[in-house]
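Chemist: Sequence:
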Amino acid sequence: MLEPDIRPESDFRERVWAFVRSVPPGKVVTYGQVAAMLGYPFAARAVGSVLHHTPTHAKVPCQRVVNRWGRLAPTYGDGGAEQHRMELLADGVEVRPDFTVDLKIYQWWPEITSEG
DNA sequence: ATGCTGACAGGAG
DNA sequence: ACTCCTGCCAGCA
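So the first sequence is residues 68 to 183, counted in our numbering.
For the record, the hints were derived by calculation from the structure and aren't laboratory data. Just so it is clear, the structure is predicted and the values come from calculations on it, not from any experiment. Idealized CB from N, CA, C, for every residue including glycine. Hints may be right or wrong, so weigh each one.
[Unchecked claim] With beta-carbon atoms standing in for the labels, derived distance ranges:
id : residue 1 : residue 2 : range
1  : R74       : R163      : 18 to 26 angstroms
2  : E81       : D165      : 16 to 24 angstroms
3  : D169      : D78       : 26 to 34 angstroms
4  : R74       : D145      : 26 to 34 angstroms
5  : L156      : D78       : 30 to 38 angstroms
6  : E149      : S77       : 27 to 35 angstroms
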């Protein structure tokens, strides 16, 4: 597990990209989860907006970000959910014909509250 | 600074 | 599990 540059002095977008890049292949996270990790439990919408504006040179695996129900992005890149599914399959994530992912299997957590 | 938009999330039927 | 309305936040004109 790497340590992303999730710093408050950085811009919101940079924090989002940094966190998303910390997501390992074969795993996915929800917009709300990312937002919560950044300190904004209700900024899920902002996270989605940021990812939508994510430049190609950002090298960000936005494919590993789905909604709370594991739903893929309907307007992902130019191919929409179609392309999103391809990217997920490439990472080893199985996507249902409904364009949904089983979060209980692929959802990833950066830090588990296992302090004991 | 104000108003509108969007790859969200939660509650109710 | 899906649909409709509401609340939150960041980005852009």
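Chemist: Next, verify each hint and record whether it holds.
Modeler: Taking the hints in turn, this is what the structure says about them:
1. Range check, R74 to R163: Cβ separation about 37 angstroms, and the 18 to 26 angstroms hint is violated.
2. Checked against the hint of 16 to 24 angstroms, the pair E81 and D165 fails, with Cβ atoms roughly 33 angstroms apart.
3. A hinted range of 26 to 34 angstroms for the beta carbons of D169 and D78 is consistent with their spacing of about 33 angstroms.
4. Judged by the Cβ atoms, the range 26 to 34 angstroms given for R74 and D145 holds: they are separated by roughly 32 angstroms.
5. Roughly 32 angstroms separates the CB atoms of L156 and D78, a value that falls within the hinted 30 to 38 angstroms.
6. For E149 and S77, the hinted distance range of 27 to 35 angstroms is satisfied, since their beta carbons lie about 33 angstroms from each other.
Figure legend: structure checked against the earlier numbered hints; hints not met, in rising order: 1, 2.
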